[in-house]
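Top to bottom, those sequences are chains A and B.
Under the working numbering, the residues of the first sequence are numbered 93 to 397, in order.
Under the working numbering, the residues of the second sequence are numbered 93 to 397, in order.
Treat the hints as calculated values from the structure; they're not laboratory data.
You may find that some hints are simply not true.
Identical copies go unnamed one by one, so any copy, or any two together, can satisfy a pair.
Stated by the list, open to error - Derived pair list, reagent style DMTMM-like, types lysine to aspartate or glutamate, alpha-carbon separation capped at 25 Å:
no.: 1; residue 1: Lys329; residue 2: Asp250
no.: 2; residue 1: Lys137; residue 2: Glu367
no.: 3; residue 1: Lys137; residue 2: Asp384
no.: 4; residue 1: Lys227; residue 2: Asp250
no.: 5; residue 1: Lys289; residue 2: Asp215
no.: 6; residue 1: Lys137; residue 2: Glu323
no.: 7; residue 1: Lys329; residue 2: Asp173
no.: 8; residue 1: Lys331; residue 2: Asp173
no.: 9; residue 1: Lys253; residue 2: Glu213
One-letter residues, chain by chain:
2 protein chains.
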Amino acid sequence: MIDVCLLGTGGMMPLPYRYLTSLMIRYNGTNILVDCGEGTQITAKRLGWSYKAIDLILITHFHADHISGLPGFLLMMGNADRREDVTIVGPEGLERIVRSLLVIAPRLPFKVNCVEIKENEADVSMLGLKITAFKLDHNLTCYGYCFELGRAGRFNPDAAKSLGLPVRTWNILQHGGTVEHEGKIYTSDMVMGEDRKGLKLTYCTDSRPTPSIVSHAKNSDLFICEGMYGEEDGEEKAKEKKHMTMYEAAQLAKEAEVKEMWLTHFSPSLNKPAEYADKVKEIFPDAVIPKDRYVKVLNFEDEDE
Amino acid sequence: MIDVCLLGTGGMMPLPYRYLTSLMIRYNGTNILVDCGEGTQITAKRLGWSYKAIDLILITHFHADHISGLPGFLLMMGNADRREDVTIVGPEGLERIVRSLLVIAPRLPFKVNCVEIKENEADVSMLGLKITAFKLDHNLTCYGYCFELGRAGRFNPDAAKSLGLPVRTWNILQHGGTVEHEGKIYTSDMVMGEDRKGLKLTYCTDSRPTPSIVSHAKNSDLFICEGMYGEEDGEEKAKEKKHMTMYEAAQLAKEAEVKEMWLTHFSPSLNKPAEYADKVKEIFPDAVIPKDRYVKVLNFEDEDE
Numbered sequence: 093m094i095d096v097c098l099l100g101t102g103g104m105m106p107l108p109y110r111y112l113t114s115l116m117i118r119y120n121g122t123n124i125l126v127d128c129g130e131g132t133q134i135t136a137k138r139l140g141w142s143y144k145a146i147d148l149i150l151i152t153h154f155h156a157d158h159i160s161g162l163p164g165f166l167l168m169m170g171n172a173d174r175r176e177d178v179t180i181v182g183p184e185g186l187e188r189i190v191r192s193l194l195v196i197a198p199r200l201p202f203k204v205n206c207v208e209i210k211e212n213e214a215d216v217s218m219l220g221l222k223i224t225a226f227k228l229d230h231n232l233t234c235y236g237y238c239f240e241l242g243r244a245g246r247f248n249p250d251a252a253k254s255l256g257l258p259v260r261t262w263n264i265l266q267h268g269g270t271v272e273h274e275g276k277i278y279t280s281d282m283v284m285g286e287d288r289k290g291l292k293l294t295y296c297t298d299s300r301p302t303p304s305i306v307s308h309a310k311n312s313d314l315f316i317c318e319g320m321y322g323e324e325d326g327e328e329k330a331k332e333k334k335h336m337t338m339y340e341a342a343q344l345a346k347e348a349e350v351k352e353m354w355l356t357h358f359s360p361s362l363n364k365p366a367e368y369a370d371k372v373k374e375i376f377p378d379a380v381i382p383k384d385r386y387v388k389v390l391n392f393e394d395e396d397e
Numbered sequence: 093m094i095d096v097c098l099l100g101t102g103g104m105m106p107l108p109y110r111y112l113t114s115l116m117i118r119y120n121g122t123n124i125l126v127d128c129g130e131g132t133q134i135t136a137k138r139l140g141w142s143y144k145a146i147d148l149i150l151i152t153h154f155h156a157d158h159i160s161g162l163p164g165f166l167l168m169m170g171n172a173d174r175r176e177d178v179t180i181v182g183p184e185g186l187e188r189i190v191r192s193l194l195v196i197a198p199r200l201p202f203k204v205n206c207v208e209i210k211e212n213e214a215d216v217s218m219l220g221l222k223i224t225a226f227k228l229d230h231n232l233t234c235y236g237y238c239f240e241l242g243r244a245g246r247f248n249p250d251a252a253k254s255l256g257l258p259v260r261t262w263n264i265l266q267h268g269g270t271v272e273h274e275g276k277i278y279t280s281d282m283v284m285g286e287d288r289k290g291l292k293l294t295y296c297t298d299s300r301p302t303p304s305i306v307s308h309a310k311n312s313d314l315f316i317c318e319g320m321y322g323e324e325d326g327e328e329k330a331k332e333k334k335h336m337t338m339y340e341a342a343q344l345a346k347e348a349e350v351k352e353m354w355l356t357h358f359s360p361s362l363n364k365p366a367e368y369a370d371k372v373k374e375i376f377p378d379a380v381i382p383k384d385r386y387v388k389v390l391n392f393e394d395e396d397e
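Just chain A, with the same shape it has in the complex (with noise of 0.2 Å):
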């Protein structure tokens, strides 16, 4: 299982009752979040996870409002008495761009490693989840990210019992390992049924809609997607700011057959989103227009059972 929280649901700068958008996921002990604009560690306080536990910081680009809450939030990591290497994952040019912020926090006590990301699409895997970072279309490079967690088929005790393999080896087998009984080799597969269902999890802003999206997107469980618009006069705006409407954004989920769509990066200028939910929904009907720290917990297809 993985929780989701989206921290904030604005664009562009920052609202007293909007914070900027940023995503926060925990799992299996770990905690990742997705860019860091100003007030972002304001409202990570709100929802009380640990921010202590954040191993991994991803960033989707420089804009502003993507990344100046950066040295703030991990001035406050080190206050929570963080002392574990943090790594951050970014667009070229990171390196640079976080060592020029960190000028006003120039003695944290965890070191802080900066990965950068030169192609077009690229695996950034950590922490046991398998990370893709794939390009948008956006006026500065820009990053969209899948997040997907794998789940390996059922055990099979019958089949185990039918080899004679003794209790005792089961555990290693269930979890990939290979077990040596009675001079033979026993491997996974030959006690586990076909792999299942994993989670999906794609985060996508600042981005004109692509071919890219939908296909990166495809089947994700959660699709978090930019909906900066969602005004009359917005898909003229949207092109000319290189962002998206509400309406192109479900547009995708639908291309993209993603159980649940989440709109974010709201335009200031947008007092309630919500009002044009239905128009939403007429194009993708598990659409959500959340309000900030809105909070979902991914769980496995029977993981209820």
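Got chain A; can you put chain B on it based on the hints?
Showing chain B alone in chain A's frame:
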């Protein structure tokens, strides 16, 4: 008259219910901002005074909680269509720090001019206000700021009449000008009374108490001072971290014979700073332990007459 608003009252890190310490001053159509930590733009939006009209930003020192909000604030001013130059004044090294932070705001639609203070005390008067920077005692070079607004004496119409000066010349003389009438030169002081008491505002954070604070704050109408700790063992922490307790600040206010003192820069560990008010007022009765966006209009003594 001068409008004063303490935009935030927190120290170290912004909290969901308390922004970082910064001050906004509104005077004669111009605005001044003192310090700009993360989130200052949000509390400034809540206040609703024009941030587009901010001509001068004073920075006390380069700890993140006093400057991390600068790129976002300047971008917000740009989005509000600010086109005129903005002056930023702060300690030596300001230019390097500001340019580093602006790596994520590379194309502001106005020019930013940095003025570095290198002495223990400096006259940085601007915009019709006498502004004095004076060095504090912190673990990083840090300045307090005094703002003084002078007030001319009363105009004496009888004096003007007895000199035979026509009414059309009075306005010039009232505003400090010189007039030639029937071959003679008349100066302002010939028709104006003694200068009257003006207004004085002193802002002081972060620091240990010093005699220089007392002498600079002397007779201020309003003295805004850090009071980071109020609890039992506060003085020990204050000494270690080069901060001040509320009681030390109150003692300075008493010695400086100020009219009113506001405390600020409260430690994140203080949930309710106001609970120490009684103890503070035992030392200095005209003390206020304000919340964010506390506002006061400083009027000349008889301005309401």
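Taking the hints in turn, this is what the structure says about them:
no. : hint            : in the structure
1   : Lys329 - Asp250 : neither (62 Å within a copy, 65 Å between copies)
2   : Lys137 - Glu367 : between (28 Å within a copy, 24 Å between copies)
3   : Lys137 - Asp384 : both (12 Å within a copy, 18 Å between copies)
4   : Lys227 - Asp250 : neither (47 Å within a copy, 79 Å between copies)
5   : Lys289 - Asp215 : within (20 Å within a copy, 69 Å between copies)
6   : Lys137 - Glu323 : between (32 Å within a copy, 24 Å between copies)
7   : Lys329 - Asp173 : between (44 Å within a copy, 18 Å between copies)
8   : Lys331 - Asp173 : between (44 Å within a copy, 22 Å between copies)
9   : Lys253 - Glu213 : neither (45 Å within a copy, 85 Å between copies)
Checked against the numbered hints above, the structure violates hints 1, 4 and 9; every other hint is satisfied.
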